[in-house]
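S.K.: Read top to bottom, the protein sequences are chains E and V. Position 112 of the first sequence, counting from 1, maps to 112 under the numbering used here, and the rest follow consecutively. Position 17 of the second sequence, counting from 1, maps to 17 under the numbering used here, and the rest follow consecutively.
Derived by calculation from the structure, the hints in this document are not laboratory data. Possibly wrong hints are sitting among the right ones.
Claimed, not checked - Derived pair list, reagent style DSS-like, types lysine-lysine, alpha-carbon separation capped at 25 Å:
no.	chain 1	residue 1	chain 2	residue 2
1	V	K3	E	K233
2	E	K450	E	K504
3	E	K566	E	K450
4	V	K84	E	K282
5	V	K84	E	K31
6	V	K84	V	K36
7	V	K84	V	K3
8	E	K282	E	K199
9	E	K282	V	K3
10	E	K222	V	K36
11	V	K36	E	K504
12	E	K563	E	K504
13	E	K282	E	K31
14	E	K330	E	K343
15	E	K282	V	K11
16	E	K233	E	K222
17	V	K3	E	K504
18	E	K28	E	K450
As the list claims (entries may be wrong) - To spell it out: a stretch of chain E is covered by chain V in this simulated footprint if at least three of its residues, at any positions, have a beta carbon under 8 Å from a beta carbon of chain V; those stretches are:
no.	region
19	211–218
20	428–438
From a predicted model like this one, the values you see are computed outputs, not experimental measurements. No residue lacks a Cβ here, since even glycine has one placed at the ideal position from N, Cα and C.
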Amino acid sequence: MSILAWTYIMVIITFGLYLFIAWRSRVKETKGFYIAGASVPPLANGMATAADWMSAASFISMAGLISFMGYSGAVYLMGWTGGYVLLALLLAPYLRKFGKFTVPDFVGDRYYSSTARVVALICAIFVSLTYVAGQMRGVGIVFSRFLEVDVNTGVVIGMAIVFFYASLGGMKGITYTQVAQYCVLIVAFIICAAAISLKITGNPVPQLGFGSTIIEGESAGKYILQALDGIHKDLGFSEYTSAFGPGDMSMLSVICITLALMVGTAGLPHVIIRFYTVPSVKAARLSAGYALFFIALLYTTAPTLAAFARYSMIDSVNNTSYAEAPSWFKNWEQTGLVAWYDKDGDGIIRYRDGAPFQGPPQFSGEVGEYGQRLVTNSPTDNENELYIDRDIIVLASPEMANLSPWIIGLMAAGGLAAALSTASGLLIVISSSVSHDLYYRIINRQASEKQRMLVGRVMVGIGVLMAGYLGINPPGFVAQVVAFAFGLAASSFFPVIILGIFTKWVNREGAIAGMISGIGFTMFYILQTRFMGVDPWFFGITAEGIGTIGMLINFAVTMSVSKFTKAPPPEIQELVESVRTPRGAGTAIDH
Amino acid sequence: MKKSFQEYWAKNLRLITILLIIWAVVSYGFGIILVKPLNAIWMGGFPLGFWFAQQGSIYVFVILIFVYCFLMNRLDRQYDVDEK
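Let's have the full structure, built from the sequences with the hints guiding it.
M.R.: Below, the structure is given as structure tokens:
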């Protein structure tokens, strides 16, 4: 059977599974809809959190990014895992004891203020909406690459599926579909990495193969990283494992980006809210551990795939004539993710540092004398002749490792699982922020269960439509949008939640001023440097890392404003004391 | 009762501090600040700083959370504030 047929089979089977699970876990009351009835076992919550967390970017783009960044790719690896330590130690158990439905719930109650609730609600919607836009785009891209449909058609199919299971089952529905989605995505990713590791090093465990020697070819007997460093040096790149080399990020940038991603992780509402769904404080702690374990399975595998694919790609393509190039090269050339510009006309592909030509490839529709697709871009004056999209690393790796077609189909299903699970988690946050925090807590305190469920479901629908719109008309690159979401989460929620738990004297005025100044600064800086062409003026820190500074500003403003204004009332100080001990963490109370 | 709660909280804060110091040392310390000197040392097939940045720190993060779970559950029982 062909790759396309297998892909359709895998995608249809997995989608059927998700819909079946959603139907089985449909809910009728708000507690089920917002927090899955606070009855999810820690192990299942760990898997659901992992799927919720790992997006299309983690699954498809991250290994590719690392592959091209070498050492500096570590900012994503550490940044997107280290935040769970902060979550487990500083947030999850206390928020679970507090026991409400949403993140703005905590901010509103702890800071005894509807204004604080509204500010938190706006931050939550803003963060989730920026993030979900990238996910819907991701769904469309996976569809278009594997199923050969239009990107926009893919977005629409994804919207329909997510709407069905998120509106039917709410948090409960998405939790159990996320468990299934985690299994699909991790199996796909690991099979692929294991096969490529086995092929290159003879060791099927990628994390061990990463430190092993190459078994065949010119570099046989050398450690894989040693070989990569050597090849990089020969071709004019900086060494794969070397830090802060020429052209790479400075140490300050690496620190700031890593910290912004870690703190952003711990401040993302769709991640925090997962810890409301477990039955106890003990379960909240444990499920943070499981979540990171399941995430680490992918996150320790991704850098190995990055290195293997990099080696395999350079080894099989560089200094090879186009006629003898491997078949994956020509397959992906058809999708426009690979292009070759034969600068010296010798028919041999030469891969060196630098861009081969200006901008992304524009194909003329004609083929050159060796059968390559010609591009109309004007060439650069360096020696590099090869354009490679970063996403190719994951997408083409099953073919690089000569895996059978059904595994390629599984990869497509895995990519879709990653994108859909994250999108649905974000939609629940948008829905619960509006239907619970805004509609029930502020507009209509007399609303019945039925009315609130209806508003919740309608909000999922509106959220899907907005996400779909942004997916079809993306506001810039997906990666930029994601950087935005992390920076905003780091600079808005993290400081006020931490201070709300670990101090009793931080008050309403401080929290409101802190959230507004943190998110305001971060948003301003990102807009300036990313969209208005201003150079990064704050110690050269880029948009990805600026959330760290936004967070520090938030901490500073919250604390100093609190010092000069009235201390919180006694009942709030008691509330803070009560969240510090686990006993009495019942199920969520909804007043 | 009041005193034992304060003691419980102080012990919790101490545990969090120790674990977060380890968290910072493996990631920011070994993985970023000391990466250059550590990269001069090869352990098996890995330059050490690179290994901490792309593999080791993540393993340590996972272990830290499970250690925290275990020690906190014990502390909860000792101070009789656990869930029943």
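S.K.: Next pair to validate is K3 (chain V) with K233 (chain E); report whether the Cα-Cα distance is within 25 Å.
M.R.: Given pair K3 (chain V), K233 (chain E) is violated - Cα atoms ~63 Å apart, limit 25 Å.
S.K.: Given the proposed pairing of K450 (chain E) with K504 (chain E), does the C-alpha separation stay at or below 25 Å?
M.R.: violated (37 Å)
S.K.: Hinted pair, alpha-carbon criterion (25 Å max): K3 (chain V), K504 (chain E). Please report holds or violated.
M.R.: Roughly 17 Å separates the two Cα atoms, so the pair holds.
S.K.: Taking 25 Å as the top limit, are the C-alpha atoms of K84 (chain V) and K36 (chain V) close enough?
M.R.: It is violated: about 50 Å lies between the C-alpha atoms, which goes past 25 Å.
S.K.: Given the hint that K282 (chain E) pairs with K11 (chain V), does the C-alpha gap stay at or below 25 Å?
M.R.: The given pair, whose Cα atoms are some 17 Å apart, holds under the 25 Å limit.
S.K.: Quick one, are K233 (chain E) and K222 (chain E) close enough, alpha carbons at most 25 Å?
M.R.: Judged against 25 Å, a Cα distance of about 15 Å means the pair holds.
S.K.: Sort out whether K31 (chain E) lies within 25 Å of K282 (chain E), counting only the CA atoms.
M.R.: With a Cα-Cα distance of about 20 Å, the restraint between K282 (chain E) and K31 (chain E) holds, given a limit of 25 Å.
S.K.: Is K222 (chain E) within 25 Å of K36 (chain V), Cα to Cα?
M.R.: holds (22 Å)
S.K.: Against the 25 Å threshold, does the CA-CA distance of K28 (chain E) and K450 (chain E) hold or violate the hint?
M.R.: holds (8 Å)
S.K.: Would you say the region 428–438 of chain E counts as covered by chain V, given the rule of at least 3 residues with C-beta under 8 Å?
M.R.: Our answer is that it is violated, as 0 residues pass the Cβ test (under 8 Å) against chain V, missing three.
S.K.: Tell me whether the statement that chain V covers the region 211–218 of chain E is true, taking a Cβ distance below 8 Å and needing three residues at minimum.
M.R.: Contact hint for the region 211–218 of chain E vs chain V: holds, 3 residues under 8 Å.
S.K.: So if I understand the rule, the pair passes when the alpha-carbon distance is 25 Å or less; does K330 (chain E) with K343 (chain E) pass?
M.R.: Within the cut-off at roughly 19 Å; holds.
Going through the hint list in order, the structure does not satisfy hints 1, 2, 3, 6, 8, 11, 20.
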